[in-house]
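A.B. asks: Chain residues, written in single-letter form:
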Amino acid sequence: MAQIIIKNVRKEFGDFTAVKESSFTIEDGEFFMLLGPSGCGKTTTLRMIAGLELPTSGEIYLDGEEISQKPPSQRDIAFVFQMFALYPHMNVYKNLSYPLVSQGMKRAAVRDKVDEVAGILGIRDILKKPVGGLSGGDRQRVALGRAIVRDPKAFMMDEPLGALDAEFREHMSEELRALHDRMNATTVYVTHDQLEAMQMGDKIVVMNNAVVEQFGTPQEIYDKPATMFVADFIGSPSMNFLAFEGTVGEGAQSVEMNGQALGIPRQRQGATGSLVFGVRPEHVALSDSGTYRGEVLATEYLGTTQIITLDTPNGDLKARVPAGKKATVGETIGLGFDPATITLFDKNSGQALVSDLNHEVLSNG
Amino acid sequence: MSSFSVTEPSKRSKWFAGSLVILYAVITMIPLAWIMLTGFKSPADAISYPPKVLFEPTLEGYVNLFTTRTRQTDEFLAANPPETWYEDIVRQYDMVIAGPSKFGERFLNSVIIGFGSTFLSIFLGTLAAYAFSRFRIPLADDLLFFILSTRMMPPIAVAIPIFLMYRQLGLSDTHLGMILLYTAVNISLAVWLLKGFIDEIPREYEEAALIDGYTRFQAFYKVVLPQAATGIASTAIFCLIFAWNEYAFAVLLTSGTAQTAPPFIPTIIGVGGLDWPAVAAGATIFLLPVMIFTVALRKHLLRGITFGAVRK
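For the record, the sequence lines run as chains A and B. Under numbering that gives the first Met the number 0, the first sequence has 129 at position 130, and the numbering climbs by one with no breaks. Under numbering that gives the first Met the number 0, the second sequence has 136 at position 137, and the numbering climbs by one with no breaks.
Be aware that one or more of the hints could be misleading.
As a list, the in silico SDA-like pairs of lysine to any residue whose alpha-carbon atoms are at most 20 Å apart [claimed, not checked]:
1. B:Lys221 - A:His88
2. B:Lys298 - A:Pro87
3. A:Lys325 - A:Thr304
4. A:Lys19 - A:Glu58
5. A:Lys152 - B:Glu206
6. A:Lys69 - B:Glu206
7. A:Lys69 - B:Lys298
8. A:Lys112 - A:Gly131
9. B:Lys298 - A:Gly131
10. B:Lys221 - A:Lys346
11. A:Lys317 - A:Thr271
12. B:Lys221 - A:Asn90
13. A:Lys69 - B:Phe134
14. B:Lys221 - A:Met104
15. B:Lys221 - A:Lys152
16. B:Lys221 - A:Gly103
17. A:Lys93 - B:Phe134
18. A:Lys93 - B:Lys298
19. A:Lys346 - A:Thr304
20. A:Lys152 - A:Glu64
Covered, in the sense of this in silico footprint (three residues per stretch, anywhere, with C-beta under 8 Å from a C-beta of chain A), are these stretches of chain B [stated by the list, open to error]:
21. 165-174
22. 200-207
Where chain B lies over chain A, by a calculated footprint (3+ residues, C-beta under 8 Å) [what the hints assert, rightly or not]:
23. 182-191
24. 220-232
I should point out that these hints are in silico values taken from the structure, not numbers from a laboratory. The beta carbon of each residue, even a glycine, is placed where N, CA and C say it ideally should be.
This is chain A alone, in the form it adopts within the complex (with noise of 0.2 Å):
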């Protein structure tokens, strides 16, 4: 098992940028989500770390060896493909056993491991079938089960869950925490999905536009998003953005918003112009003595809390509260914000302001 570094990598496509100068790193044993929007350069970063496209610069070390310029083949690393890319003319013990055949590995021994492995998986009884005629959960299993057969150094997942339908996906992506924290084994997983990268990863880097936008772990993420992206895309509902002129010294612990002053985290950075207030649903309170006020535009019953959204002097706030608490459409509301949860943004860069509340994510990002 293995640590993989990625420094600085490239990759384009004639005029097209796939990934712009990328560095992060992926430590032994960790479940790595490669997360963002379809076209952001997850997919590719990922088939780069494997061998399938070559970088167009930069460097990717596989347990302190650089091996961006390898065949696939002497990388020792496995793929799981979205669509599972099992070999059609064969069965699932001939899927099982291609990456071993390749060896050269003796006949019984491979025997024994594919057993192994199909043990593990659960797929035993399927072992002679051919694999047209597998469910979906059985592909992905099988798909599973080739990956690990020759215990590689890494294994890259694009999207695995993703051709699976939704009551099964929950189910599989237990399987697979469960299946990587048995093997602990170094797996760099590529998923659109935020809640099944909040769930399922040790770490996450959030791409977007090819670039990317921040790296950590999914507290991090949630909690010190670097930039307004970051906030946007994870978390449903995202945070809140509320918009506004001003001005904020270094060393300020509030910042005044339409005549009302909201208290912050201490800012290590200042910051003048267009900016941008940002707190999670979860972190807005409804009080009768907020001065700061918006009225109620719709509320979203969901059980045990309600989604409430505000029209504000700053723009539109969903709020999410108790299920219990009363809101009526119409009524205007005082609100509350958790001064230790905000993050401030400049609007233009889209990035975050340094503060006491994420100085740390952001100085190793």
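Since the structure of chain A is already known, use the hints to place chain B on it.
C.D. replies: Coordinates of chain B only, in the frame set by chain A:
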């Protein structure tokens, strides 16, 4: 069975469709049946008018197809009574069998040239189609159009230049020359058809093989080729049918050693003009290899023709 389905055709439309197919089959089969029957007629029956549908079958046509014969004097005939059934047949015209005809050789030429050019077309076509399908080739679209453009006029339009070229190169009347010529004609069809089939094979299969430790070439022949078998089979049938039936170039460029069956069959001369039963017998035998080849690959052919229409 009684349940009504929207997609299931009604009994009446099935009956109608079935009748149309049978009618079409009968119409196309009549000339074939005519040829096959004529092969078993005597020369007199073959040209009688009105045509005879009921006749006494004879193997005369087949005997004449495979043999050359000479007329002999009565004394010679009386001194040498016929020993075999086929000698028996030719005796009725006061003839004896002088030796085998050229038909066997010509037929063998057809087999060598037909299958040889089919193999070469498929071999080159598959490699080219794979490259066009998978690699970034500069001007790929223009190259493909160029390849197709060789079929934009009938090949026979360039017969004279080819005739002169072949004479210069010493390729006239050689197996190699004919194989190259038919390959050149077929290769554009092969590249285009096969590219379509290979395009349909997801790249992920090869990528999986690359990841699993195989080289690009191993991935090609272990993963892509088995997937493309259907396409290769149906393309092979089209190539073989063209090469097998080609007449004009064969007449022009071959006369002896490399002559194929099509130009040879119509020249079988019998007593007093063309020997129609022998010609019909030759045509019948000539049909067999393509028929067997097509029937053997018919599953692939049917899937090949409808390939891509329905995605699983």
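A.B. asks: Can you name, in rising order, the numbers of the hints this structure does not satisfy?
C.D. replies: The structure conflicts with hints 7, 8, 10, 11, 15, 17, 18, 19, 21, 23 and 24, although it agrees with all the remaining ones.
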